[in-house]
Amino acid sequence: MDEIVVFMGAEALLRVPLERRRLTFGRAPHNTVVVDHPEVAPEHFAIEARAEGWCLVDRTGRGAQLGSMVVSEALLHDGVGIALAPLRAVFRADRGPEQALEGPLFESMVGQSPAMKAVFERIARFAPRRLPVLICGETGVGKELVARALHNRSPRAHRQMVCLNCAELSPGLVESELFGHEKGAFTDAKSASLGKLRAADGGTLFLDELGELPLAMQPKLLRALESGELTPVGASHPVRVDVRAVCATNRDLEAEVEAGRFREDLFHRIAVGIIEVPPLRERGDDLGRLIDHLLVELEPEGGRATLSPQARELLQRHSWPGNVRELKGVLQCALASCRSGRIEVEDVQLRRRGRRAGAGAAPGEPASLGGCSCGPDCVHIAGKSYEAIDREVIARAKQLYGPRMSRVAERLNVKRSTVYGWAKQYGIK
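Each residue of the sequence shown is one higher than the one before, starting from 388 at the first, in my numbering.
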């Protein structure tokens with residue numbers, strides 16, 4: 388039977404079977420579950436049986452905290468947490484793993500293709516265990532959604548999932564961001580900071596773009612994950628933490644290990660369970676499902692926007708190098724551009740290699756180069772190193788645009804000074 392589990396910290400205080408069609412939670416005595424705390428409203432939220440499933444209904448007028456979102460109404464899915472200060476409630480669905488994979492939505496992810504069902508199955512198997520998980524996939528495939536599903540379905544769902552993008556870390560502040568610091572530990576440390584590892588104590592630490600973590604910091608992270616201890620910057624004594632590590636990368640970390648850019652021991656520590664998220668082009672009919680789902684999500688007042696058959700065909704033909712993130716952006720733009728709630732071909736702006744799909748060459752630009760049918764600025768990357776790819780991109784741009792460095796910079800979406808730096812680095816005059 389479906390149930391709500393009420394937690395205080397890591398301890399389960401109460402299990403409430405969902406036997407009635409409506410249950411209420413709040414401070415007043417008439418509620419199904421009474422929480423006597425000044426921060427809890429007389430009737431805080433209700434859980435109602437609907438045709439489509441159990442629905443959370445906020446009763447405060449301020450919105451209920453459901454997972455990482457504030458909602459007025461929302462369907463509940465297995466493992467999602469509901470804030471109820473000073474407690475936390477978690478919805479548990481009484482469904483086997485096979486049944487959980489059959490719906491149109493798994494957590495907040497859309498997919499019924501074999502490739503995505505394999506992802507969902509791995510999430511369902513890995514989530515209840517403490518093992519570290521490495522999520523691999525191209526940019527924009529939804530690796531953070533997979534991480535949140537792992538957290539929401541784990542016994543740690545009642546605690547925080549703390550996210551850190553390693554690509555955004557300032558080299559001088561990496562250690563402080565991860566491990567925290569004491570007041571006065573360095574010039575700008577005007578107050579103490581917990582750091583991401585301590586903030587995630589008892590919960591999940593999600594390290595995105597792990598391949599960007601500086602090599603010098605990797606042994607310290609490994610030591611903290613192995614021992615459960617860390618020493619904040621400026622502190623004299625270690626602090627114990629209980630963290631489950633979930634990491635994501637769009638790099639081939641095994642190749643990075645072979646190249647000496649990533650530590651092998653850290654790789655083996657974080658890649659105990661591996662989930663490969665497929666790119667959108669390998670997900671078959673999921674593209675159509677995603678389009679329809681996103682149109683409703685982006686138009687919350689009923690999802691009235693529709694696609695003309697020609698616009699849908701154009702979207703279906705696109706290769707989506709930016710994956711779901713690109714698809715969402717294209718649909719947002721199309722919804723803003725369309726008239727009368729119908730998206731036509733002219734509303735769909737697809738960008739391919741720096742140019743809108745279907746657009747002709749700009750004046751003075753060659754229509755093709757070297758017999759390549761992919762377009763004049765296509766660079767084949769299979770089997771090449773990053774440096775070889777960079778060198779070919781610059782050389783191809785120079786061949787196309789000659790001395791017009793501003794045009795090269797525009798097409799590569801960088802500053803002119805960056806182009807000059809690359810040219811000097813690779814010896815291109």
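What the hints contain is simulated information worked out from the structure, not anything from laboratory work.
Cβ coordinates follow ideal geometry from the N, Cα and C atoms, glycine included.
Each hint should be verified, as a subset may be incorrect.
[Claimed, not checked] Label-pair restraints from in silico Cβ distances: (1) Arg791 with Glu684: 36 to 44 Å; (2) Glu430 with Cys720: 17 to 25 Å; (3) Tyr807 with Gly440: 57 to 65 Å; (4) Leu518 with Gly448: 36 to 44 Å; (5) Gln703 with Gly571: 41 to 49 Å; (6) Lys570 with Thr419: 41 to 49 Å; (7) Val457 with Thr526: 50 to 58 Å; (8) Ala554 with Pro404: 41 to 49 Å; (9) Arg408 with Ser623: 51 to 59 Å; (10) Pro404 with Arg729: 45 to 53 Å; (11) Gly559 with Pro473: 17 to 25 Å; (12) Arg648 with Gln703: 36 to 44 Å.
Hint check results:
One distance hint, 36 to 44 Å for the beta-carbon pair Arg791 and Glu684, holds here, with the actual separation near 42 Å. Take Glu430 and Cys720: their Cβ atoms lie about 42 Å apart, and the range 17 to 25 Å is violated. The hint said 57 to 65 Å for the Cβ distance between Tyr807 and Gly440, and at roughly 58 Å that hint holds. For the pair Leu518 and Gly448, the beta carbons lie near 42 Å from each other, so the given range of 36 to 44 Å is met.
Range check, Gln703 to Gly571: about 59 Å between beta-carbon atoms, so the 41 to 49 Å window is missed. Range check, Lys570 to Thr419: Cβ separation about 46 Å, and the 41 to 49 Å hint holds. At about 28 Å, the beta-carbon gap between Val457 and Thr526 misses the expected band of 50 to 58 Å. For Ala554 and Pro404, the hinted distance range of 41 to 49 Å is satisfied, since their beta carbons lie about 45 Å from each other.
Arg408 and Ser623 have their C-beta atoms about 58 Å apart, which keeps the hinted 51 to 59 Å range intact. Checked against the hint of 45 to 53 Å, the C-beta distance between Pro404 and Arg729 comes to roughly 47 Å, which is consistent with it. A beta carbon spacing of about 37 Å between Gly559 and Pro473 contradicts the range 17 to 25 Å that was offered as a hint. About 38 Å separates the C-beta atoms of Arg648 and Gln703, a value consistent with the hinted range of 36 to 44 Å.
Of the numbered hints stated above, those contradicted by the structure are hints 2, 5, 7 and 11, listed in ascending order.
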